[in-house]
Structures are given as structure tokens and as C-alpha cells.
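Visitor: One-letter residues, chain by chain:
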Amino acid sequence: DGGITQSPKYLFRKEGQNVTLSCEQNLNHDAMYWYRQDPGQGLRLIYYSQIVNDFQKGDIAEGYSVSREKKESFPLTVTSAQKNPTAFYLCASNRDGAYEQYFGPGTRLTVT
Amino acid sequence: GQNIDQPTEMTATEGAIVQINCTYQTSGFNGLLWYQQHAGEAPTFLSYNVLDGLEEKGRFSSFLSRSKGYSYLLLKELQMKDSASYLCAVRDLASGGSYIPTFGRGTSLIVHP
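Protein sequences appear in the order of chains A and B.
According to the numbering used here, the stretch in the first sequence is residues 6 to 117, in order.
According to the numbering used here, the stretch in the second sequence is residues 46 to 158, in order.
Don't read these hints as lab results, they were simulated from the structure.
Possibly wrong hints are sitting among the right ones.
[What the hints assert, rightly or not] Cβ-Cβ distance ranges computed for the label pairs, FRET-style:
(1) B/Pro-158 <-> A/Thr-117: 36 to 44 angstroms
(2) B/Ser-110 <-> A/Ser-72: 39 to 47 angstroms
(3) A/Arg-113 <-> B/Lys-126: 20 to 28 angstroms
(4) A/Thr-117 <-> B/His-83: 40 to 48 angstroms
(5) B/Gly-98 <-> A/Thr-10: 47 to 55 angstroms
(6) B/Lys-126 <-> A/Glu-67: 33 to 41 angstroms
(7) B/Gly-98 <-> A/Pro-13: 37 to 45 angstroms
(8) A/Lys-14 <-> B/Leu-99: 36 to 44 angstroms
(9) A/Glu-67 <-> B/Asn-48: 19 to 27 angstroms
(10) B/Asn-66 <-> A/Asp-35: 16 to 24 angstroms
(11) A/Arg-100 <-> B/Thr-58: 35 to 43 angstroms
(12) B/Ser-110 <-> A/Ser-85: 30 to 38 angstroms
[As the list claims (entries may be wrong)] Per the computed footprint, the stretches of chain B lying under chain A, defined by three or more beta-carbons under 8 angstroms from a beta-carbon of chain A, are:
(13) 59–66
(14) 79–89
(15) 146–155
[Said to hold, decoys possible] Partial chain A-side listing against chain B, Cβ under 8 angstroms, derived:
(16) Tyr-15
(17) Phe-17
(18) Leu-48
(19) Leu-50
Where a beta carbon is used, it is the ideal one built from N, C-alpha and C, also for glycine.
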């Protein structure tokens with residue numbers, strides 16, 4: 006079945022450690038996105054990529070990094086520079102020019 | 046950037062009708078989307094409006110007025126499973142030349158018997 010996968014569902018890390026969240030899609034979508042969601046909040050855009058080997062900062066990119074070496078994959082690294090990394094992270098994708106985004110199941114990251 | 050405003054929480058009775066409003070301010074509008082999100086899950090797409098008017102899809106309808114910067118999501122014949130957060134998102138032109146959605150904070154709808 007086509008879709009977006011994120012792993013793991015739950016992730017725990019110690020403060021000061023970098024952590025990478027995976028996002029893979031087999032929908033052949035060009036555009037991919039990373040969002041962060043805090044309790045009772047909407048989705049805030051971290052990074053997005055419209056094409057392989059290119060990506061753009063979103064509204065809250067500080068403390069995060071991404072890569073887009075393959076069309077199917079858009080991993081997000083939460084660095085130790087991110088002051089409040091504990092959150093629910095959602096990856097999404099869509100066809101070039103399409104309005105509907107498809108979301109992965111999310112990764113809940115807890116940093117203590 | 047955008048300013049998207051929607052109520053934080055609403056309650057309604059099973060079988061009733063509820064209207065969730067969304068107001069926005071944007072410079073390069075290219076459509077408004079509504080998503081449903083159950084707690085701890087990913088958002089799922091409900092509707093898309095780019096022209097003024099009402100779009101109906103089963104029990105759910107969405108309305109857009111571009112001149113007023115206003116949209117609403119109408120849910121009819123409410124069911125308990127409709128208890129969820131409803132996210133309003135506006136597509137706007139980003140600096141890179143692509144249309145990127147910006148999400149509101151979401152409206153938590155509680156349906157009670």
C-alpha cells in the first residue's frame with residue numbers, strides 16, 4: 006500500500022543529544038514537509054522540500070536540520086540547539102502543485 | 046505571513062449541527078483547507094475551497110468568502126466519532142515560489158450524548 010511512514014512512533018532522548026526522525030513515502034510525491042505540534046496547538050512548519058537536493062526553512066527551523074538526497078526520504082534531525090524539542094512531529098507530502106497533503110502517523114519525541 | 050484565527054474549543058450534542066469558523070489574513074491566498082485530527086493521530090483531509098461558496102461532501106460542508114477572509118466548516122448529524130480537533134489551513138505563496146499551507150491552532154470539538 007502507498008503511504009508515508011514515520012518511525013519510531015515514540016522516541017526518548019537525553020538532553021544534549023542529536024536525534025534523527027525518519028520519514029519515507031512511496032507515493033512518488035515531489036514535495037515533503039516537517040511539522041511540529043505542541044499540546045493544544047496547530048501545526049508549525051519546520052522545513053519543506055519541493056524537489057530532491059533542495060529544501061527551504063519554515064517558520065521554526067532553528068535547531069533543526071534536514072536532507073533530501075532521495076525523493077522518497079526526508080529525515081529530520083533535532084539538534085541539541087533546539088531549546089524545547091519535546092513535541093509531536095508530523096511528516097507530510099503532496100504531488101507537485103496539489104493542495105492535499107498526506108500525513109504520516111507522527112513521532113512523539115520526549116527529551117529529558 | 047498569515048494570521049489564522051479559529052475558536053479553541055466547541056461542544057455540541059450528538060445529532061446536532063455545528064459550525065466551526067476560521068478567519069484569516071494573507072497576501073497571496075491560494076485556497077483554504079480543513080483537516081480533522083483525532084488525538085495522537087495524523088490529520089486527515091476534509092475539504093478544500095479556493096473559490097467563494099459552499100462545498101458539500103456528505104455530512105461535512107465548507108464555505109469560503111475570500112473578500113471577508115472567512116471560512117466555516119459545517120458538520121451535520123453529529124456523531125460521537127466526530128469529537129476531534131479541526132484544523133483550518135491557508136495556502137499562501139512562500140518566498141521560494143511555492144504555495145505552502147499555514148495551519149491555525151485548531152478547534153477541539155467535543156460531542157456529547
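Visitor: Hint by hint, say whether it matches the structure.
Guide: Do the hints match the structure? See the list:
{"no.": "1", "hint": "B/Pro-158 <-> A/Thr-117: 36 to 44 angstroms", "verdict": "holds (39 angstroms)"}
{"no.": "2", "hint": "B/Ser-110 <-> A/Ser-72: 39 to 47 angstroms", "verdict": "holds (41 angstroms)"}
{"no.": "3", "hint": "A/Arg-113 <-> B/Lys-126: 20 to 28 angstroms", "verdict": "holds (23 angstroms)"}
{"no.": "4", "hint": "A/Thr-117 <-> B/His-83: 40 to 48 angstroms", "verdict": "violated (27 angstroms)"}
{"no.": "5", "hint": "B/Gly-98 <-> A/Thr-10: 47 to 55 angstroms", "verdict": "violated (37 angstroms)"}
{"no.": "6", "hint": "B/Lys-126 <-> A/Glu-67: 33 to 41 angstroms", "verdict": "holds (38 angstroms)"}
{"no.": "7", "hint": "B/Gly-98 <-> A/Pro-13: 37 to 45 angstroms", "verdict": "holds (43 angstroms)"}
{"no.": "8", "hint": "A/Lys-14 <-> B/Leu-99: 36 to 44 angstroms", "verdict": "holds (38 angstroms)"}
{"no.": "9", "hint": "A/Glu-67 <-> B/Asn-48: 19 to 27 angstroms", "verdict": "holds (21 angstroms)"}
{"no.": "10", "hint": "B/Asn-66 <-> A/Asp-35: 16 to 24 angstroms", "verdict": "violated (33 angstroms)"}
{"no.": "11", "hint": "A/Arg-100 <-> B/Thr-58: 35 to 43 angstroms", "verdict": "holds (39 angstroms)"}
{"no.": "12", "hint": "B/Ser-110 <-> A/Ser-85: 30 to 38 angstroms", "verdict": "violated (46 angstroms)"}
{"no.": "13", "hint": "59–66", "verdict": "violated (count 0)"}
{"no.": "14", "hint": "79–89", "verdict": "holds (count 5)"}
{"no.": "15", "hint": "146–155", "verdict": "holds (count 7)"}
{"no.": "16", "hint": "Tyr-15", "verdict": "violated (10 angstroms)"}
{"no.": "17", "hint": "Phe-17", "verdict": "violated (16 angstroms)"}
{"no.": "18", "hint": "Leu-48", "verdict": "holds (4 angstroms)"}
{"no.": "19", "hint": "Leu-50", "verdict": "holds (7 angstroms)"}
Hint compliance for this structure: hints 4, 5, 10, 12, 13, 16 and 17 are not met, and every other hint is.
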